[in-house]
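Chemist: So you can see what is in the structure, the chains are spelled out below.
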Amino acid sequence: MSLSREQIAMRVAQELKDGYYVNLGIGIPTLVANYVPKNIEVMLQSENGLLGMGPYPTREQLDPDMINAGKETVTAISGASIFSSAESFAMIRGGHVDLTVLGAFEVDQNGNIASYMIPGKLVKGMGGAMDLVAGAQNIVVTMTHADKHGKSKLLANCSLPLTGVDCINKIVTDLAVLDIKNGAFHLLERAPGVSVNEIVSRTEGKLVISDNVPEMKFV
Amino acid sequence: MSLSREQIAMRVAQELKDGYYVNLGIGIPTLVANYVPKNIEVMLQSENGLLGMGPYPTREQLDPDMINAGKETVTAISGASIFSSAESFAMIRGGHVDLTVLGAFEVDQNGNIASYMIPGKLVKGMGGAMDLVAGAQNIVVTMTHADKHGKSKLLANCSLPLTGVDCINKIVTDLAVLDIKNGAFHLLERAPGVSVNEIVSRTEGKLVISDNVPEMKFV
Amino acid sequence: MAGFNKVVTSYADALSGLKDGMTVISGGFGLCGIPEGLIARIKEMGTTSLTFVSNNCGVDDFGLGILLKEKQIRKMISSYVGENAEFERQYLSGELEVELTPQGTLAEKIRAGGAGIPAFYTATGYGTPVAEGKEVKQFNKRNYILEESITGDFSLVRAWKADKTGNLVYRDTAMNFNPMAATAGRITVVEVEEIVETGSLKPTEIHTPGIYVDRIIRSSFEKRIERLTLADNN
Amino acid sequence: MAGFNKVVTSYADALSGLKDGMTVISGGFGLCGIPEGLIARIKEMGTTSLTFVSNNCGVDDFGLGILLKEKQIRKMISSYVGENAEFERQYLSGELEVELTPQGTLAEKIRAGGAGIPAFYTATGYGTPVAEGKEVKQFNKRNYILEESITGDFSLVRAWKADKTGNLVYRDTAMNFNPMAATAGRITVVEVEEIVETGSLKPTEIHTPGIYVDRIIRSSFEKRIERLTLADNN
Numbered sequence: 001m002s003l004s005r006e007q008i009a010m011r012v013a014q015e016l017k018d019g020y021y022v023n024l025g026i027g028i029p030t031l032v033a034n035y036v037p038k039n040i041e042v043m044l045q046s047e048n049g050l051l052g053m054g055p056y057p058t059r060e061q062l063d064p065d066m067i068n069a070g071k072e073t074v075t076a077i078s079g080a081s082i083f084s085s086a087e088s089f090a091m092i093r094g095g096h097v098d099l100t101v102l103g104a105f106e107v108d109q110n111g112n113i114a115s116y117m118i119p120g121k122l123v124k125g126m127g128g129a130m131d132l133v134a135g136a137q138n139i140v141v142t143m144t145h146a147d148k149h150g151k152s153k154l155l156a157n158c159s160l161p162l163t164g165v166d167c168i169n170k171i172v173t174d175l176a177v178l179d180i181k182n183g184a185f186h187l188l189e190r191a192p193g194v195s196v197n198e199i200v201s202r203t204e205g206k207l208v209i210s211d212n213v214p215e216m217k218f219v
Numbered sequence: 220m221s222l223s224r225e226q227i228a229m230r231v232a233q234e235l236k237d238g239y240y241v242n243l244g245i246g247i248p249t250l251v252a253n254y255v256p257k258n259i260e261v262m263l264q265s266e267n268g269l270l271g272m273g274p275y276p277t278r279e280q281l282d283p284d285m286i287n288a289g290k291e292t293v294t295a296i297s298g299a300s301i302f303s304s305a306e307s308f309a310m311i312r313g314g315h316v317d318l319t320v321l322g323a324f325e326v327d328q329n330g331n332i333a334s335y336m337i338p339g340k341l342v343k344g345m346g347g348a349m350d351l352v353a354g355a356q357n358i359v360v361t362m363t364h365a366d367k368h369g370k371s372k373l374l375a376n377c378s379l380p381l382t383g384v385d386c387i388n389k390i391v392t393d394l395a396v397l398d399i400k401n402g403a404f405h406l407l408e409r410a411p412g413v414s415v416n417e418i419v420s421r422t423e424g425k426l427v428i429s430d431n432v433p434e435m436k437f438v
Numbered sequence: 439m440a441g442f443n444k445v446v447t448s449y450a451d452a453l454s455g456l457k458d459g460m461t462v463i464s465g466g467f468g469l470c471g472i473p474e475g476l477i478a479r480i481k482e483m484g485t486t487s488l489t490f491v492s493n494n495c496g497v498d499d500f501g502l503g504i505l506l507k508e509k510q511i512r513k514m515i516s517s518y519v520g521e522n523a524e525f526e527r528q529y530l531s532g533e534l535e536v537e538l539t540p541q542g543t544l545a546e547k548i549r550a551g552g553a554g555i556p557a558f559y560t561a562t563g564y565g566t567p568v569a570e571g572k573e574v575k576q577f578n579k580r581n582y583i584l585e586e587s588i589t590g591d592f593s594l595v596r597a598w599k600a601d602k603t604g605n606l607v608y609r610d611t612a613m614n615f616n617p618m619a620a621t622a623g624r625i626t627v628v629e630v631e632e633i634v635e636t637g638s639l640k641p642t643e644i645h646t647p648g649i650y651v652d653r654i655i656r657s658s659f660e661k662r663i664e665r666l667t668l669a670d671n672n
Numbered sequence: 673m674a675g676f677n678k679v680v681t682s683y684a685d686a687l688s689g690l691k692d693g694m695t696v697i698s699g700g701f702g703l704c705g706i707p708e709g710l711i712a713r714i715k716e717m718g719t720t721s722l723t724f725v726s727n728n729c730g731v732d733d734f735g736l737g738i739l740l741k742e743k744q745i746r747k748m749i750s751s752y753v754g755e756n757a758e759f760e761r762q763y764l765s766g767e768l769e770v771e772l773t774p775q776g777t778l779a780e781k782i783r784a785g786g787a788g789i790p791a792f793y794t795a796t797g798y799g800t801p802v803a804e805g806k807e808v809k810q811f812n813k814r815n816y817i818l819e820e821s822i823t824g825d826f827s828l829v830r831a832w833k834a835d836k837t838g839n840l841v842y843r844d845t846a847m848n849f850n851p852m853a854a855t856a857g858r859i860t861v862v863e864v865e866e867i868v869e870t871g872s873l874k875p876t877e878i879h880t881p882g883i884y885v886d887r888i889i890r891s892s893f894e895k896r897i898e899r900l901t902l903a904d905n906n
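So the protein sequences, as listed, match chains X, V, Y and R.
Just so we're aligned, residue 1 is where the first sequence starts under the numbering used here, counting upward by one.
Just so we're aligned, residue 220 is where the second sequence starts under the numbering used here, counting upward by one.
Just so we're aligned, residue 439 is where the third sequence starts under the numbering used here, counting upward by one.
Just so we're aligned, residue 673 is where the fourth sequence starts under the numbering used here, counting upward by one.
Be careful, since some hints might not be right.
[Said to hold, decoys possible] Derived contacts from chain V toward chain R, CB cut-off under 8 Å, selection only:
| hint | residue |
| --- | --- |
| 1 | 308 |
| 2 | 312 |
| 3 | 343 |
| 4 | 344 |
| 5 | 347 |
[To be verified] Footprint (simulated), chain Y over chain R, 3 or more residues, beta carbon under 8 Å:
| hint | region |
| --- | --- |
| 6 | 778-788 |
| 7 | 810-816 |
| 8 | 843-855 |
| 9 | 871-882 |
[Unchecked claim] With a cut-off of at most 25 Å between alpha-carbon atoms, the simulated BS3-like pairs for lysine-lysine come out as follows:
| hint | chain 1 | residue 1 | chain 2 | residue 2 |
| --- | --- | --- | --- | --- |
| 10 | R | 691 | R | 747 |
| 11 | X | 71 | Y | 661 |
| 12 | R | 895 | R | 743 |
| 13 | Y | 507 | X | 71 |
| 14 | Y | 513 | Y | 457 |
| 15 | Y | 572 | R | 813 |
| 16 | Y | 572 | R | 809 |
| 17 | Y | 507 | Y | 481 |
| 18 | X | 206 | X | 148 |
| 19 | R | 895 | V | 343 |
| 20 | V | 290 | Y | 640 |
Calculated from the structure, these hints are not laboratory results.
Every residue, glycine too, gets a C-beta built ideally from N, C-alpha and C.
Chain X on its own, in the form it takes in the complex (with noise of 0.2 Å):
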């Protein structure tokens, strides 16, 4: 059975190393804060200017002035700072935060990513998105693996606009867990009760498997 949206923040979640720097996008990526294994620590880093993140405010917390990238009003941690938006992206560019989790319309066997634009719909703009593709060291990206219609989101080449090239090499859908290289993608883990045929028939590009996938675990 393909997974929940919480189920793929979980499974996200298992990529965190204690001591991390992390950057979690919009949507799915924000669940990913809930499930941080207990015997590690992260920290979480907001675009806008802030390190250290914490949960949402109490009512006696609530400040307009601390917000997130979401535009969600946050709090901040002991040991947080807080900084400009050029010394923000000055972190992500030059690659000083560890992992990035971001969502994606489409991404290609070759670690192209297309993430902010549709063609046709209104263009919203790209944030920070493309920033943060060519700035992380390690970049997992979250999303369905295929649309509402069946269509996979796994290509060989991304229809779409670029947010960025050649960046992605870890995905994780509702149905596998997938690394990118060497120009396809290759079958790491699979959901639990997903066969490897309906895992290969909702994929486009390139899929190289190897003859044991297990299931993803959940603790």
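Once you've looked at the hints, dock chains V, Y and R against the given chain X.
Modeler: Using the frame of chain X, we list chains V, Y and R on its own:
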């Protein structure tokens, strides 16, 4: 009679305007701070990262962590700010400093300046001089009109390696105040008791002289 | 002797010299840290054909949205411009020109403008629509595009505290684009919550040195929240 | 679980991994704000063929001068290298390579290195020996030269206070090149006067966010004064 170092500094101080942010180089330029007209306020920038430099400290104020760009111990005035070298040169390169006063070995009629290197002698480095001449809105060069052998320092073409090109438009020497424009020095004022002829004889570059060249005035 | 007292007491003085067709850089991220009173005053002035450089464009009835509504903005240079129905209408009808710029590139373009750097290379946007028409160069076998800096005729900044000489301190994430905006305006106008005695801000705790600031006006702020999110138990 | 505790208690740990031939960026201006103990430790380690990126090179018996004396430095990238007789001797004899870089360009090259910007244009040095071999480009009819960024295998930083997560505050003009150095090292080591409780530094008053810092060591400092100047009546 030619001006003393103090008199050169006094004349340069007349170029200051109320509200000016000013960077003063080492040597005669440093003395300018002693002659700021009583009815105006200026703020001194020191390129190691201090805006609002104050006088030398008393023994009680002395602090090894408070120095100026000449590595001298200094103080900060009320309203001072302290910042990184990158921020300091953002101010300088970005044209936010209103006036820079610095010394030179040579200046030529095209506004080129040579001030950091004499081939054959040890090269100690340009420090911030190249940034200052490239970035300041307004530059006053102070120097003796000729060297001790009587050789002019106001040339048709600088002979030494340049610190900057086409950037100097005002010079205060021990003999005269001059502008540089349209490929020539323009004599504006002469030191008290110094004849136009003496200035002509000590100026190698093209010199434009109006009918009446007033003596400098000191209040 | 005015010296370094940059405080003005009217919005007319604060925005004196702002004219049709000028480029204005504004701090703010969403509705957080925006110069509310200066924007409202531009609405009153009726200045038109403005180019605004701002990460976002407000909402329909707040922030830069109120200038859009009055058709005072000709062009927006922004990274994200959702949340605004009037924006959408003007953009689709061709009344409004939009130059979408990645957020980090936008921040760096404004910083570079203030710092006298006319252009810099970045990997951000290489191979995407953002790279169209831009020079590409390789460094260490990676491709980068050349991005030019931005300066403004005016910069509008919102800060928390200022002293009279223009030294500024920002409050929490209301800082965002404001420090860069402060450096890149030919005339930089700052709207603050509080004017403090000169000398009361510690020199190493000043976010924006006064050298960048031309005019300061004290104001109070609505500080509208765009997305109110609270802890579960609230 | 180490989490974000970056404090080390020995210089051996602080400089673990430093090897012959590496590039090291060091904060400091003259003798002000230099990482005294880290430099002394490199002397003890005997690491050689180092390239040092530092505005100055100390004096004969203090600062980077002590590494020069031991011939541990192969190359200096600096803006000003006077005040040092041994430096002069090695430079004139060809033992020491020197790359003179304008001070503002040096600061910006290190900042760019930390910020993922491989190169930028500046007017500084155009038409001078500094411009030799560099690309020239016009923007708004003015000539600029292309300068490439600098990164280091190690950065050595001196700060005043750090919390355990590496958030740093500098003291007065001992700040100088330290904030840029902190961003541009593959491994950034910070020597501090005081380690404070995490949470005791106000988030908006932190000069260097901890994300740039890998190791912190507490030390005490001689803080030698290079040019003692006192008010006239002293």
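Chemist: For every hint, state whether the structure bears it out.
Modeler: Comparing the hints with the structure gives:
1. Interface hint at residue 308 of chain V: satisfied, since its Cβ lies 3 Å from the closest Cβ of chain R, which is below the 8 Å cut-off.
2. For residue 312 of chain V, the interface hint holds, the least distance from its beta-carbon to any beta-carbon of chain R being 6 Å, beneath 8 Å.
3. Hint on residue 343 of chain V holds. Least Cβ distance to chain R is approximately 4 Å, under the 8 Å limit.
4. With its C-beta approaching chain R no nearer than about 4 Å, residue 344 of chain V sits inside the 8 Å limit, and its interface hint holds.
5. Annotation: interface hint on residue 347 of chain V holds; nearest CB of chain R at approximately 4 Å, less than 8 Å.
6. Judged by the Cβ-Cβ criterion of 8 Å, the region 778-788 of chain R is covered by chain Y as claimed, because 4 of its residues qualify and three suffice.
7. Check on the region 810-816 of chain R: 4 of its residues sit with their Cβ under 8 Å from a Cβ of chain Y, so the three-residue criterion for coverage holds.
8. With 3 residues carrying a beta carbon less than 8 Å from a beta carbon of chain Y, the region 843-855 of chain R meets the three-residue requirement, and the given coverage holds.
9. Here the region 871-882 of chain R counts 4 residues with a CB under 8 Å from a CB of chain Y, which clears the bar of 3, and the coverage holds.
10. In summary, the hint linking residue 691 of chain R to residue 747 of chain R is supported, as the alpha carbons are separated by about 15 Å, within the 25 Å threshold.
11. Of the supplied pair hints, the one linking residue 71 of chain X and residue 661 of chain Y holds, its CA atoms being roughly 13 Å apart against a limit of 25 Å.
12. Restraint check for residue 895 of chain R and residue 743 of chain R: the C-alpha separation of about 24 Å stays at or below 25 Å, so the hint holds.
13. Between residue 507 of chain Y and residue 71 of chain X, the direct Cα distance comes to roughly 22 Å. Compliance with the 25 Å bound is thereby established for this hinted pair.
14. Only pairs whose Cα atoms come within 25 Å are accepted, and residue 513 of chain Y paired with residue 457 of chain Y is accepted, the gap being roughly 15 Å.
15. Restraint check for residue 572 of chain Y and residue 813 of chain R: satisfied, since their Cα atoms lie roughly 19 Å apart, inside the 25 Å limit.
16. A distance of roughly 14 Å separates the Cα atoms of residue 572 of chain Y and residue 809 of chain R; the hinted pair therefore holds under the 25 Å criterion.
17. At most 25 Å may separate the alpha-carbon atoms for a hinted pair to count; residue 507 of chain Y and residue 481 of chain Y meet this at roughly 10 Å.
18. Restraint check for residue 206 of chain X and residue 148 of chain X: satisfied, since their Cα atoms lie roughly 21 Å apart, inside the 25 Å limit.
19. As the CA atoms of residue 895 of chain R and residue 343 of chain V are separated by approximately 24 Å, the hinted pair is consistent with the 25 Å bound.
20. Between the alpha carbons of residue 290 of chain V and residue 640 of chain Y the distance comes to roughly 22 Å, so the proposed pair stays at or under 25 Å and holds.
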